[in-house]
Amino acid sequence: MSTKVRILGLLAFVGVISASAPPLFPGAALAQEKYPSRPVDFIVTWGTGGGADAMARTIGQHAQPILGVAIPVSNVPGASGNTGLGQLMAAKADGYTIATYIMDTLATIPMGLSKVTVDDLEWVTRTQVADSFFFVKSDSPYKTIQELLQAAKANPGKIRVAATGYGTVDDVTVRFFEKKGIKLTTVPYPKPGERYASTLGGHSEVLYEQAGDVLQYLKAGQLRPVIIFADKRHPAFPDVPASVELGYDIQLPQFRSIVAKKGVPADRVKILADAIRKGMETPAYKKFAGEWYFRPDSHMGPEQFGPWVREQVGILDRYVKEFGLKR
Amino acid sequence: MWETLANLAAGLAASLEPLNFLMILAGLAIGIVAGALPGITMLNSIVLVLPFTYLMGIVPSLLLMTSIYIGGVFGGSITGILFNIPGDPMNVPTTWEGYQLNKKGQVRLALGMAIMASAIGGFLSALILTFASPPFAKVALTFSTVEYFAVVVLGLASVVVIGQVSVAGALMSLFAGMFLGTVGTEAQYGITRFAFGIKFLETGIDFVTVLIGLFAIGEVLDQLSGSKAGAGGDAAAPSTSRARLPSPRQLWALRGSLVRGLGTGVVIGAIPGAGATVASFVSYGLEKQVSKEPERFGTGVLEGLTASETSVNASTGGAMIPLLTLGIPGSGATAVMMGAFLLHGVQPGPLLFAQSPHEVYTIFVGMLLANLVMIVMGLLAARSFAQLMKVPEPILAAFIITFCFIGAYALRNDMADVWLTMLFGILGFFMRRYNLPIPPLILGVILGPLAEQYFLTSMVSHGNDLTVFLTRPVSAAVLLTSAGLLLWPALKGWLARREAVRV
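The listed protein sequences derive, respectively, from chains A and B.
Position 290 (the first sequence) corresponds to 290 in the numbering used here; numbering is contiguous.
Take the position in the second sequence, starting the count at 1, then add 1000; the result is the number in the numbering used here.
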């Protein structure tokens, strides 16, 4: 093989790499073109391997044939999802760029950490709602939530809760208990793996998480749930008491969703939302959703989703003000 | 035992199926090329193939990704040895000895040894993964952020002592790197530091811009401006650049380095956060400390190259242990693999071995095979890349810079990263001219934020009690080793002076 051929080979590799990056020049917007007529870029606002990533790639995969164009996924993590949202806001409001949006990002709005407000986005579809739990190691001395809270009362701050970070919904939940005179310590682990390792290894007494994320450890009997933050018990965990039933009125379920920039024509939002809904109705997606313990009523179209999000921001805002979390 | 062997036999049959074996070959090729190119890291290429795995089963997907991983951590040493431009940070220590060997006209041996050391390290670590995962995972779980912090400190300490120039210069470079690592939004409290209201700085400086700026662009500028007699193009005559594998006798002579590299690689690879980069720096530092002639390091010593390259590939098996047995990815590459598992509806973790033994053992055998096939692929790749040495220097330089800019732009599709890369290129040029060591800076950028985060988390977790770093035995041992590494040169100098006075 001559040197020239080898260099050409290298050039071909560059071509492949650069072609797989998002197009540099999204074609001039055509008002009357058929939508969608080219790939829809899907920005995942969190890293690879996480829950938002799994949601985006799974839905993208199932919605692709319905929409009729490719939905290439790119991960733009950082600042609780706000870095990726920045990219969404920099793109045109033509429906060819969509992004993931989850509860953790919403929590940054009342904290004053997000530049993207509720009114800057089209709330296309809520795809997942999953309840959060407190989990303990299976050989933990705390058999019930009452024992755990008793121990926390006796030794303020000694019970460590592995959480995603400060100012997150995890942290808000911990602060809620503090207001009730039960002081727990939030230990932030932004990477899920480190969060689980710290609990399994006994370096944190409690893990705040959704059940689907730690399914393996539940099935293997390494972790057990002690409380679900919801108004009623979960059918899959009938013995786990709900927070509201115990008199702790706090429930901040994790939600994941798909958004677009404000100003995308309503008919395009509808086409997107319909494709996502149909993708969510495929048996493969339903199996995925069941395994992750998403609420059966997770799906919410554009009409209800926007108002629901505004209501959630209101709830979070109240907590943030009450606990003095705003920076 | 019999069950394991039966599983392995089934795994062998499965991994030799045409599609699966093709994935191993493709993965190695992609990994080696991406690892070798300065602008494209091994991690980029794993993320890029993820969409292609949607339509495959879980087994070919994972074989493709692990093969990219295995090829990718090795690939950077090819360009490191040939052009003094390591493709990935973990190949930096290999470059120190490898490029010197190249300049001495022993490029064939350097490449061959790097290939062999990688293959041996990777193969043995895959064997450990196959037979000893559960006990390893159990030990890994007893480590908390206190131990993670200690290991990161060990990595930082080792880069200071392995430098060829003064300790003061190394420390300056290291602290400059750690400072750059603080730019952006801090992970614990979300506070923005040193961004001066500039938007792209708020997300931090990506270490890839620093890596390709300092190593690739800096090196190209330095070579083009012609300070060094032996610029990349004429370091060795192209006719001798075909890699030559070391003989069994040569390997046997280096058995100590191989074993130390393997041990360091597997253990550090299994600890979340640290990974291949720390493993390679620590094993190189260790090798220099145990050597009878440490002063020869940096002049083309096979022991240094062997140990670091063995540990880099040994870390792949190590990193797979917590992923497969606990469902906990410890590195960027294993995090993407975790994503691939989840996409296929399989959760890696404690039940994986019981529920999907077929898949797991096929991955094990696939990794063993990939490390063997890598010897052939490595030789081919080294040959192809060596052809580039025939290319006139200015043309080659133009290509390298193009790659660097593509790589920098692809990070976030932001021109700001390209400007940053250029700035770091200029910095790299001047650091070379003023003899300031570059590796401590890049390690500072990568490990500084990790050290900070693990330190803060440990403090939150242990009620701000600083003594926890010394009361936990593993952390105490690792930190004392780091202190020993740092103080040893000074102590040696003092002892030598006392000796001189006595005489």
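For the record, the hints were derived by calculation from the structure and aren't laboratory data.
Backbone N, C-alpha and C fix where the C-beta goes; we use that ideal spot for every residue, glycine too.
Check the hints yourself; a few may be wrong.
[To be verified] No more than 30 Å apart at the CA atoms, straight line, and that leaves these computed lysine-lysine pairs for DSS-like:
1. A/K287 to A/K270
2. B/K1292 to A/K191
3. B/K1199 to A/K115
4. B/K1138 to A/K143
5. A/K137 to A/K92
6. A/K191 to B/K1104
7. B/K1199 to A/K262
8. A/K143 to A/K232
9. A/K232 to A/K115
10. B/K1199 to A/K321
11. A/K92 to A/K179
12. A/K287 to A/K219
13. A/K137 to B/K1292
14. A/K92 to B/K1138
15. A/K158 to B/K1292
[What the hints assert, rightly or not] Restraint-style ranges between C-beta atoms, simulated for each label pair:
16. A/K92 to B/R1383: 55 to 61 Å
17. B/R1193 to A/A151: 34 to 40 Å
18. B/L1495 to A/K143: 58 to 64 Å
Do the hints match the structure? See the list:
1. Taking the CA atoms of A/K287 and A/K270, the gap is about 25 Å. The hint holds against a cut of 30 Å.
2. The suggested pairing of B/K1292 with A/K191 is violated, with an alpha-carbon distance near 42 Å, which exceeds 30 Å.
3. The straight-line distance between the Cα atoms of B/K1199 and A/K115 is roughly 12 Å, inside the 30 Å bound, and the hint therefore holds.
4. About 24 Å separates the Cα atoms of B/K1138 and A/K143, which keeps this hinted pair within 30 Å; it holds.
5. With a CA separation close to 48 Å, the supplied pair A/K137 and A/K92 exceeds the 30 Å bound.
6. Restraint check for A/K191 and B/K1104: the C-alpha separation of about 45 Å exceeds 30 Å, so the hint is violated.
7. The straight-line distance between the Cα atoms of B/K1199 and A/K262 is roughly 21 Å, inside the 30 Å bound, and the hint therefore holds.
8. At roughly 20 Å between alpha-carbon atoms, A/K143 and A/K232 fall within 30 Å of each other, so this suggested pair holds.
9. Distance hint between A/K232 and A/K115 is unfulfilled; the C-alpha atoms sit about 35 Å from each other, more than 30 Å.
10. A hinted pair counts as satisfied when its Cα atoms are at most 30 Å apart, and B/K1199 with A/K321 qualifies at roughly 28 Å.
11. The straight-line distance between the Cα atoms of A/K92 and A/K179 is roughly 44 Å, outside the 30 Å bound, and the hint therefore fails.
12. For a cut-off of 30 Å, the pair hint linking A/K287 to A/K219 stands: about 17 Å separates their Cα positions.
13. A C-alpha spacing of about 49 Å is found between A/K137 and B/K1292, which places the hinted pair above 30 Å, so the restraint is violated.
14. About 50 Å separates the Cα atoms of A/K92 and B/K1138, which puts this hinted pair outside 30 Å; it is violated.
15. As the CA atoms of A/K158 and B/K1292 are separated by approximately 50 Å, the hinted pair breaks the 30 Å bound.
16. One distance hint, 55 to 61 Å for the beta-carbon pair A/K92 and B/R1383, is violated here, with the actual separation near 47 Å.
17. Evaluation of the 34 to 40 Å hint for B/R1193 and A/A151 yields a pass: the beta carbon distance comes to about 37 Å.
18. For the pair B/L1495 and A/K143, the beta carbons lie near 59 Å from each other, so the given range of 58 to 64 Å is met.
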